[in-house]
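A.B. asks: Place chain B on chain A using the hints.
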Amino acid sequence: MKTPFKLDAHPRRTHPPLSSPPAGYFDQLPAQVMARLPRADAPESAAGWRWLALLSPALRTGLASVAVLGGFAVSFFLSGPPAVSPAVASAASLDAVPHTELIAYLLTSGARVESSDLAALTDANPGIAKQFLAATDAELTEALDAQPSEDLLYL
Amino acid sequence: MEDHEILLKFQDPASRNLAFNQLVRKYQSKVYWHVRKMVVDHDDADDLTQDVFVKVWKHLENFRQDAQLFTWIYRIATNECLNFLSSKRRKFLLPLTDVGAELAAKMEADPALAGDEIELKLQKAILTLPDKQRLVFNLRYYDEMPYEQMAEVTGTSVGALKASYHHAVKKVEEYVTRHTAD
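Read top to bottom, the protein sequences are chains A and B. Mapped onto the UniProt record's numbering, the consecutive letters of the first sequence carry residue numbers 1 to 155. Mapped onto the UniProt record's numbering, the consecutive letters of the second sequence carry residue numbers 1 to 182.
Chain A extracted, bound-state conformation (with noise of 0.2 Å):
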């Protein structure tokens, strides 16, 4: 039978019989300290931002989202005004160019207007055609019901 181990009969010890620390350890370790201690100085450098130390962790988070949050909405005011829509660009680019070239194009280049070309640039700018055709309602009604049926599909 083993005998039972009793921790009052084994020789006590300061300290477990651990190898002590390298020689010199303790004559070095308050100069390693104080060289980690914060600078008396350095509160003063940072003494600007001492107050967010103050604060809890919820109300540093907080802030910082904030303080992104604001960071977006200033550089959205100062991107300036947002682009030209591409639609109202090309628009414009077209007003550019004069009738005789415009008309030269569609002469020569073999490009053909379809019912569907009008019918799209209508109802991008309903009042285009009061431009260029001076008719009264009667007379359009006219011509459309003129028109054979599958022409009038886009109109």
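Just so you know, these hints were derived from the structure itself, not from any lab. There may be inaccurate statements among the hints.
[Unchecked claim] Listed below are the simulated EDC-like cross-link pairs for lysine to aspartate or glutamate, each with C-alpha atoms no more than 20 Å apart in a straight line: (1) Lys-2(A) with Glu-174(B); (2) Lys-121(B) with Asp-27(A); (3) Lys-2(A) with Glu-173(B); (4) Lys-2(A) with Glu-119(B); (5) Lys-121(B) with Asp-110(B); (6) Lys-26(B) with Asp-27(A); (7) Lys-171(B) with Asp-8(A); (8) Lys-6(A) with Glu-2(B); (9) Lys-26(B) with Asp-3(B); (10) Lys-9(B) with Asp-41(B); (11) Lys-30(B) with Asp-8(A); (12) Lys-6(A) with Glu-119(B); (13) Lys-162(B) with Asp-8(A); (14) Lys-6(A) with Glu-117(B); (15) Lys-6(A) with Glu-173(B); (16) Lys-170(B) with Glu-144(B); (17) Lys-6(A) with Glu-174(B); (18) Lys-2(A) with Glu-117(B); (19) Lys-162(B) with Glu-173(B); (20) Lys-6(A) with Asp-143(B); (21) Lys-6(A) with Glu-144(B); (22) Lys-162(B) with Glu-148(B); (23) Lys-162(B) with Glu-152(B); (24) Lys-170(B) with Asp-143(B); (25) Lys-55(B) with Asp-3(B); (26) Lys-2(A) with Asp-116(B); (27) Lys-170(B) with Asp-8(A); (28) Lys-30(B) with Asp-3(B); (29) Lys-88(B) with Asp-51(B).
C.D. replies: Structure of chain B alone, referenced to chain A:
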């Protein structure tokens, strides 16, 4: 230098560094061995001992002196040790026994324990205790700290500490008996 002298000098900015240097010299060995018993490895003990004194420096101005300075420093050291061990466990997702095994392996590799089989068994047995119970065991068995002072260090009642130490001794004795050849 007495504690009250150190504290008095610490209040004066002109002698603050000198006073703190005296404080470190006075308590460094006790703090180091208190930490070393918990973490075993010298490098870890060195880092933690320095951390403890940096914390002492930061909070010494607010030390209310309703406890002994030594007890207060021990409490800081104890918390640092327990935080270190639990963060190690969290970091590597290790269960309690694995950290104990890691510490035991370090203990086994220590040349100071080579050849002393019973002492090595005893140290391994102590390392099987949960961190807080091991702390109680160390304070009572090695430091022979009175229970009242231990209560101040650990924030636990005297009765609970007595029970914890009693169970720790039983566990240690059983472990060494079980692992010792006839």
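A.B. asks: If a hint holds in the structure, say so; if it does not, say that too.
C.D. replies: Hint check:
no.	hint	verdict
1	Lys-2(A) with Glu-174(B)	holds, 11 Å
2	Lys-121(B) with Asp-27(A)	violated, 33 Å
3	Lys-2(A) with Glu-173(B)	holds, 12 Å
4	Lys-2(A) with Glu-119(B)	holds, 17 Å
5	Lys-121(B) with Asp-110(B)	holds, 13 Å
6	Lys-26(B) with Asp-27(A)	holds, 12 Å
7	Lys-171(B) with Asp-8(A)	holds, 14 Å
8	Lys-6(A) with Glu-2(B)	violated, 39 Å
9	Lys-26(B) with Asp-3(B)	holds, 9 Å
10	Lys-9(B) with Asp-41(B)	violated, 34 Å
11	Lys-30(B) with Asp-8(A)	violated, 23 Å
12	Lys-6(A) with Glu-119(B)	holds, 12 Å
13	Lys-162(B) with Asp-8(A)	holds, 16 Å
14	Lys-6(A) with Glu-117(B)	holds, 15 Å
15	Lys-6(A) with Glu-173(B)	holds, 6 Å
16	Lys-170(B) with Glu-144(B)	holds, 18 Å
17	Lys-6(A) with Glu-174(B)	holds, 9 Å
18	Lys-2(A) with Glu-117(B)	holds, 16 Å
19	Lys-162(B) with Glu-173(B)	holds, 17 Å
20	Lys-6(A) with Asp-143(B)	holds, 19 Å
21	Lys-6(A) with Glu-144(B)	holds, 17 Å
22	Lys-162(B) with Glu-148(B)	holds, 10 Å
23	Lys-162(B) with Glu-152(B)	holds, 14 Å
24	Lys-170(B) with Asp-143(B)	holds, 19 Å
25	Lys-55(B) with Asp-3(B)	holds, 17 Å
26	Lys-2(A) with Asp-116(B)	holds, 19 Å
27	Lys-170(B) with Asp-8(A)	holds, 11 Å
28	Lys-30(B) with Asp-3(B)	holds, 15 Å
29	Lys-88(B) with Asp-51(B)	holds, 16 Å
The structure is inconsistent with the numbered hints 2, 8, 10, 11, although it conforms to all the rest.
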